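Model the full structure from these sequences, guided by the hints.
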Amino acid sequence: MHSVQIAARRMARRAMAVAAVATVLGGASLAAAPVRAAESNGPVLVVSGPLSWPFFAAVKQGFDDAAKLYGVDYQYIAVTDTANMTSDYPRLLQQAISRDPSILLVGEFFPDGMDPLIKEATAAGIPVIIHNSGQTLWQQNGSLGFIGEDPYQMGYKAGEIQAEKGVKKGLCFNQVPGNPTVEARCTGYVDAMKKAGAETIYQTIGTGEATNLQSMMQAIKGTLQANPDIDGIYTLNSEPAMSALRAVEDVGKKGEIVIGTADLSNEVLEAIKAGDIAFAMDQQPYLQGYLSIQSAVLYQKYGLHPIGAVTTGPLVIDSSNVDKTLEVNRTFTGVRGAS
4 MHSVQIAARR
14 MARRAMAVAA
24 VATVLGGASL
34 AAAPVRAAES
44 NGPVLVVSGP
54 LSWPFFAAVK
64 QGFDDAAKLY
74 GVDYQYIAVT
84 DTANMTSDYP
94 RLLQQAISRD
104 PSILLVGEFF
114 PDGMDPLIKE
124 ATAAGIPVII
134 HNSGQTLWQQ
144 NGSLGFIGED
154 PYQMGYKAGE
164 IQAEKGVKKG
174 LCFNQVPGNP
184 TVEARCTGYV
194 DAMKKAGAET
204 IYQTIGTGEA
214 TNLQSMMQAI
224 KGTLQANPDI
234 DGIYTLNSEP
244 AMSALRAVED
254 VGKKGEIVIG
264 TADLSNEVLE
274 AIKAGDIAFA
284 MDQQPYLQGY
294 LSIQSAVLYQ
304 KYGLHPIGAV
314 TTGPLVIDSS
324 NVDKTLEVNR
334 TFTGVRGAS
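My numbering applies: residue 4 is where the sequence shown begins, and numbers increase by one.
Simulated from the structure, these hints should not be mistaken for lab results.
As the structure is a prediction and not an experimental result, all values here were calculated from the model.
One should not assume that every hint holds.
[As the list claims (entries may be wrong)] Keeping only pairs whose Cα atoms sit at most 25 Å apart, straight-line, the calculated DSS-like set for lysine-lysine is:
| id | residue 1 | residue 2 |
| --- | --- | --- |
| 1 | Lys-168 | Lys-257 |
| 2 | Lys-168 | Lys-276 |
| 3 | Lys-63 | Lys-168 |
| 4 | Lys-71 | Lys-171 |
| 5 | Lys-224 | Lys-197 |
So, in structure tokens, the structure goes:
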């Protein structure tokens, strides 16, 4: 549905609400809350990441737990096939907007196709809160706020750690090319390494292979064989981290190459505990879902929302705190990342 039609429908509901309340109150002045209530008949819709990626199970768990606590009935919308995400996500977002939701919680993974639609939604009066991806865009597209990582700092901190550990040539491996948030991690990593006088290599793989451990392992292995002086690897998710570890083992350099990653899984945490992976940069995905629902509730009920971005990462997980993190993720499955 076109934004003009959505806006017209919302204006009609607002007029009906104003007339009804004026009748009850005898023309007394109206507070904002009744108007918001009149615009809140639509569903609470979440457009977020594919659940075939273990990372987003933690995001969804945050949505689910907060929805249960606050009594929110919401729908989680995501692609089931990751091969064509750059075109599929704008299509899903357009469909969600056409349903005139009471509030829309969006991961802005592919801005070229999604940002114009978010602007359309906010122009039509649909409240939007961005989570996970879209940190640099939410203010421009009219969204209420952003909840998620600072991706540049995620990568920059990773580069600092690797440089401190003596890495002279690092590989940044990106499994989601086209997502500016993920790309910003590599930018931060490269900048930190460059500042320390180290070299970097940037490698990508198609998004359809982002959960194919064997394909990622072979891609990283090939890069290591072609560049035998690589002594550091930074991956952007827990699954490619394990592919990187296996690639390092395959080329006979286990213990010689410093591996760090973004995002957690029990397998990554066990590898940190064993000393095979040096660190993980945690963006606390559970918080991204949980705080999004909480913010939606507070906005719809009171008109309250955070002013500015709510940053959930980076939080460094290494040998100093991995045991506690593992304990939490085993006790509360998936809260700290993929189980």
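Going down the list of hints, with the structure as the test:
For the hint pairing Lys-168 with Lys-257, the CA-to-CA distance comes to about 15 Å; that is within 25 Å, so the pair holds. For the given pair, Lys-168 sits about 17 Å from Lys-276 by alpha-carbon distance, which is consistent with the 25 Å threshold. The straight-line distance between the Cα atoms of Lys-63 and Lys-168 is roughly 35 Å, outside the 25 Å bound, and the hint therefore fails. Proposed proximity of Lys-71 and Lys-171 is contradicted: the alpha carbons are some 48 Å apart, above 25 Å.
Of the supplied pair hints, the one linking Lys-224 and Lys-197 holds, its CA atoms being roughly 24 Å apart against a limit of 25 Å.
This entry does not satisfy hints 3, 4, going by the numbered hints stated previously.
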